[in-house]
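Enquirer: Listed below, chain by chain, are the residues.
Number of protein chains: 4
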Amino acid sequence: MAPTLHGLASDPEVEALLSDDAQLASMLAFEGALAAVEADAGLISEAAASAIAAGIAAYKPDNNDLAAGMIRDGVVVPALVAQLRRVIAPDHAAELHRGATSQDVVDTALMLQLARIVPILIDRLMQLERGFAALVERHGTQPLMAHTRMQAALPFTVADKVATWVEPLARHRMALSSMRRELLVIQLGGPIGDRSSFGGKGDAIARGLAARLDLGLATPWHATRDPLVMFGARLAALAGSLGKFGADVALLAQTELSAVTIEGAGTSSAMAHKANPVGAELLVALARHTAGLSGSLGYAMVHENERSGAAWTLEWLVLPPLITATGASLLTAQRLLKALSFRPSSP
Amino acid sequence: MAPTLHGLASDPEVEALLSDDAQLASMLAFEGALAAVEADAGLISEAAASAIAAGIAAYKPDNNDLAAGMIRDGVVVPALVAQLRRVIAPDHAAELHRGATSQDVVDTALMLQLARIVPILIDRLMQLERGFAALVERHGTQPLMAHTRMQAALPFTVADKVATWVEPLARHRMALSSMRRELLVIQLGGPIGDRSSFGGKGDAIARGLAARLDLGLATPWHATRDPLVMFGARLAALAGSLGKFGADVALLAQTELSAVTIEGAGTSSAMAHKANPVGAELLVALARHTAGLSGSLGYAMVHENERSGAAWTLEWLVLPPLITATGASLLTAQRLLKALSFRPSSP
Amino acid sequence: MAPTLHGLASDPEVEALLSDDAQLASMLAFEGALAAVEADAGLISEAAASAIAAGIAAYKPDNNDLAAGMIRDGVVVPALVAQLRRVIAPDHAAELHRGATSQDVVDTALMLQLARIVPILIDRLMQLERGFAALVERHGTQPLMAHTRMQAALPFTVADKVATWVEPLARHRMALSSMRRELLVIQLGGPIGDRSSFGGKGDAIARGLAARLDLGLATPWHATRDPLVMFGARLAALAGSLGKFGADVALLAQTELSAVTIEGAGTSSAMAHKANPVGAELLVALARHTAGLSGSLGYAMVHENERSGAAWTLEWLVLPPLITATGASLLTAQRLLKALSFRPSSP
Amino acid sequence: MAPTLHGLASDPEVEALLSDDAQLASMLAFEGALAAVEADAGLISEAAASAIAAGIAAYKPDNNDLAAGMIRDGVVVPALVAQLRRVIAPDHAAELHRGATSQDVVDTALMLQLARIVPILIDRLMQLERGFAALVERHGTQPLMAHTRMQAALPFTVADKVATWVEPLARHRMALSSMRRELLVIQLGGPIGDRSSFGGKGDAIARGLAARLDLGLATPWHATRDPLVMFGARLAALAGSLGKFGADVALLAQTELSAVTIEGAGTSSAMAHKANPVGAELLVALARHTAGLSGSLGYAMVHENERSGAAWTLEWLVLPPLITATGASLLTAQRLLKALSFRPSSP
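In the order they appear, the protein sequences are chains A, B, C and D. In terms of my numbering, the first sequence has 109 at position 109, counting the first letter as 1, and numbering is strictly consecutive. In terms of my numbering, the second sequence has 324 at position 324, counting the first letter as 1, and numbering is strictly consecutive. In terms of my numbering, the third sequence has 307 at position 307, counting the first letter as 1, and numbering is strictly consecutive. In terms of my numbering, the fourth sequence has 291 at position 291, counting the first letter as 1, and numbering is strictly consecutive.
The set of hints was computed from the structure by calculation and includes no laboratory data. Cβ atoms here follow ideal geometry from the backbone N, Cα and C, with glycine treated the same way. Do not take every clue at face value.
Unchecked claim - Far from chain C by the CB rule (all over 10 Å, computed), these chain A residues:
#, residue
1, 19
2, 32
3, 50
4, 57
5, 63
6, 92
7, 119
8, 130
9, 170
10, 200
Said to hold, decoys possible - Computed footprint of chain D on chain A; a stretch qualifies when at least three of its residues, placed anywhere within it, have a C-beta under 8 Å from a C-beta of chain D:
#, region
11, 142 to 152
12, 184 to 197
13, 231 to 244
14, 247 to 259
15, 288 to 296
16, 300 to 314
Chain A extracted, bound-state conformation (with noise of 0.2 Å):
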């Protein structure tokens, strides 16, 4: 709601992976692919995959009548499929999308640009996890209180603090590491999920599609969505463990304890001593916000037969954001983490 707001939990970096043009980028690599691995099967004839390779080459959206499209259809596909068709040479148009469905497409795209934003969160988590070994070394032997229920209980050290921040991120680590295999599977099943509609030769392209996108090979999953729901209550665990880290240097960080000092803490339009711990607040609002994503997302679960326009537009709804708000705690939680010092003298 603030101006800015959209800068306090935003990730420029996966934000840009996730846009319309990485998503169009996408499909159209899906599509170029599937003709190309269609030829390979004798499904089209090569000069039709030569053609549409040379149309997508050449095509430049209508992104008004994308729109459009999207409104009446409910799903993108119809319109780009019919506006690639214009652009390749006309004996050869219909050739173009052969067999495939729109979510075909889309769940496909899906998969290359998480297959792109995957890394991105592992490379920060590696980067985290560096950063708090480096605290650890700085202050690891500092003594500070423990506080269990909100009551100081017994001194231990920096180190020890440090370890529950630490010793998840290398969980949520592997699991999204893991996670590239279940997960990052091509899309291929026709209209209704079974690829009868590539004449015999379904599985023989689903394979080669997946080695030409790089992604792993799976049945149908028109309607089956645990993987994706999983990805998504792992972001939202991933960010919970930094809602964790977050919660404890705000709770760190208060007056009275000052246990820990935070260099270039907010400031106060009305009271010129604070020091906000403003990324630390956000931690905790990033993992709130993100558990009730994760919640929603499981409700696309139930699938109405073998595609639901109910379900598959209510994980379009939640997916993006929760996905964005995991980076974007990753971000603050490295902008904390660098700002981030315990004070000698603590506890």
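Please build the complex by placing chains B, C and D on the supplied structure of chain A, with the hints as guidance.
Expert: Chains B, C and D in isolation, oriented as in the chain A frame:
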């Protein structure tokens, strides 16, 4: 995620009122009105108020600096006030924002924005109610099979069916109307919400501010957000009622029932014979999305102390998409209603 | 999960009103009243109404059979009606439940139960408001440090702090009072919600039923649940306000602030020196739990057609724990308030 | 809310393993094993371990006192330890619970309980997978109309339809199996989670404890709950997959499609001709309920400091109903699958 998904679930009119520009204009309206009433109350001089008004009139925002301030301070107001003070005559610059705190500005600006959004929602509800009345006029006496628990039950009429769609809309409309009194109030508390920063004239200044901004009067509500959370719940309930309309239409439009036709229904990239109930499905998706966001907004109730950065930021993350999705739901329902006919032969 | 967690977050008084016995009694009250008003309206004979009243008075439930019916039919009413008919004089047994549907019974019974629960919640709110007033009387003028964004801000008084705790309670109380008119209404629609099953006398019977059961009159709301969903949102907002009270107390009770003392605070199995703010933490947990449940309840808005088993069942799964948790939150707040003192020396 | 709703959505086998009695037994197993390994490690004497074992064997809980302790301390362990010490030979009573904290007991007990529950869920999944295989054997080659976006699309077969129901189940089953290694671990940290309370022998004691209790070894996870939150997400995804099965069955069972028959479908109190797909609807309701609970569980990630009473209590409020609802979903799916046939004549 789709290139033009934004188009599918967008509401340009409401989004404009939630934009950075709209918020900035509202914040400037707050600062100008505050200076004027502080001059009326004798807290600052008339000359200061005039200088402030002139400064605000001449002000051109430096958006990069506002964005940087947002990240640094977690709220845009310190940067905004600093920018404004640079364009106010130096003798009077310090009187800008006198006694106020960032939250006074942001919360009151939000209320000015909501004061323009709520009537739009009410107006759309009335249009929908009229549209449903016209539908009843056209088709009301046609017989229709009622269904309970997903089974054909007994015949009734189109009018009976439409009654369950339209009846909740009047409730939502009246609730939004009555909320205008409770919800749309100024925020004026000063740094810690006790109005002690206004030289003993806080209550008078609050009264003047409310009158000038055409908002209700309220004691400071920095940390008590229940009216805003209940507003969010009402929006989700509204979108939920429209989701029920959408779910019914999607069921009635099933090929095997064909009880309704939707003019211009969605086309498929793979199956030319299909007429997908896109708008109906979108209403269901928006109902679920808003329910989830409303639940998340509830987590913003737990404000620590006199102001919680974490809870307040969560509100910023959740409320704008909740409002926009509700607006989009109303637009979608209008489109769907226009396209909807009951088939004479049914049941 | 803890052996006596149930004790920690329970509300025996409210739970009794939500028990199987309470629901059964309310359903019998519905059936008895319905027969009486149907006799008044001439739909059934006076002899039938007397036989039904006698049967209900003599009725002993066969709980195993009710449970089996619940699983078979998804609603207990068919089994209940069958049992009741066996204890009504055979000539009149068929007149029991005349024109009504299961949902008429269950929904009206719920309203009879809520009609007893809402005043309890209101009464507890008033007690809390009085308790906070007494706290202000004892400690109101004591100085206290205000905190914004987790940082010490400026001094104010205990009265200022308590004002943010107590003010929302009056709003919740008034909202619950006004809900009694809108929410607590009979359900009477017959199989498909159009009252066509009452021989043209449906509206008169509904008026009589409302009068006899001391509930409001409403058109059938089988598939329009917004008042119930908004009731749930109000409960969550109420528990949210108490969660804010809890969060503040836990922060004030921190060892390093020691601004409050909680008599009888929790002991630790490992650290004898600790005084854990157990009730304060529980209020926070209940605030978050009720926010989540309220979000889930929103998903029950999308009723397919004239009655959705899925949406209605979801309501049954979510609403009772939401009501009980709100009741437990009020009880916990009362206990915490009684034990709470502000330390004179702070700051 | 219905007298026997509990029956509708219950799971007696799982509920027994989550009962007070089951938790108490698990906590006693923890205390006994801890004493034994502490004697092995030389932290306490063999005589003390024997006295503790004898005391535990002879122990009869005073449930009222445990309940009072729960409310006072927010966790049952202090009261439990006090009761146990009264039945252990006085010379050795103090050695009970040596070095441990309440959370060590409660969390490890939970893992012992989950270690019995998870195999039940896995077993039920395998049974379901077999049941679906049998359904394919009976009806797999029958033609069936596929539906996308709620419209008839193209014909496929029953085997294709069942494939989308059964495929995710194997994923959930394998995920639960692999979770047994990561999730089902001991908790042993002592008061502040650093094992400093075990006289330098904490890691050895932890190893011994894990071996004795047949649980995995892990560093203390008092405040890092991501494996538990991801377990909850998996349960919701599982119930979500079954919800998709339920939604499909309810759609296929519509009177106008009659593609399936459900033996013993629900009767109506008002319409004798109806056969309500009660189990199918319940699966949808449980899918939505578990999605909401899983979202709420995510809020328990933000543990303040070394132990958050608020976050931990939220976990207690949310996890047991989430587990039970998932168990009930599996039972309901089993019942529905047994009753389900595809009609030969469809499409």
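Enquirer: Are there three or more residues in the region 288 to 296 of chain A whose C-beta lies within less than 8 Å of some C-beta in chain D?
Expert: holds (count 7)
Enquirer: A cut-off of 10 Å on Cβ-Cβ distance, and residue 63 of chain A was said to be off the interface with chain C. Does that hold?
Expert: holds (33 Å)
Enquirer: Regarding the assertion that residue 200 of chain A does not contact chain C, is the least Cβ-Cβ distance greater than 10 Å?
Expert: holds (39 Å)
Enquirer: So is the region 231 to 244 of chain A in contact with chain D by the C-beta rule, three or more residues under 8 Å, or is the coverage claim wrong?
Expert: With 8 residues closer than 8 Å to chain D, the region 231 to 244 of chain A meets the three-residue bar; holds.
Enquirer: Are 3 or more residues of the region 142 to 152 of chain A near chain D, judged by a Cβ distance of less than 8 Å?
Expert: holds (count 5)
Enquirer: Confirm or reject: residue 57 of chain A is not an interface residue toward chain C, with every Cβ-Cβ distance exceeding 10 Å.
Expert: holds (45 Å)
Enquirer: Does residue 119 of chain A sit more than 10 Å from chain C, CB to CB?
Expert: Check passes; 33 Å lies beyond 10 Å.
Enquirer: Against chain C, does residue 92 of chain A hold up as non-interface, every C-beta pair farther apart than 10 Å?
Expert: Non-interface label on residue 92 of chain A holds, nearest chain C Cβ at 45 Å vs cutoff 10 Å.
Enquirer: Please settle this one: residue 50 of chain A was flagged as non-interface, so is its CB more than 10 Å from every CB on chain C?
Expert: holds (49 Å)
Enquirer: Run the C-beta distances from residue 19 of chain A to all of chain C and say if the shortest one exceeds 10 Å.
Expert: Since the minimum Cβ distance to chain C is about 29 Å, residue 19 of chain A lies beyond 10 Å and the statement holds.
Enquirer: Would you check whether the claim that residue 32 of chain A is not at the interface survives, using Cβ distances to chain C and the 10 Å cut-off?
Expert: Holds: least Cβ distance 40 Å, greater than 10 Å.
Enquirer: Holds or violated: the region 184 to 197 of chain A covered by chain D, criterion of 3 or more residues with Cβ-Cβ distance under 8 Å?
Expert: Since 5 is at least three, the answer is holds.
The structure is consistent with each of the numbered hints, conforming to all of them.
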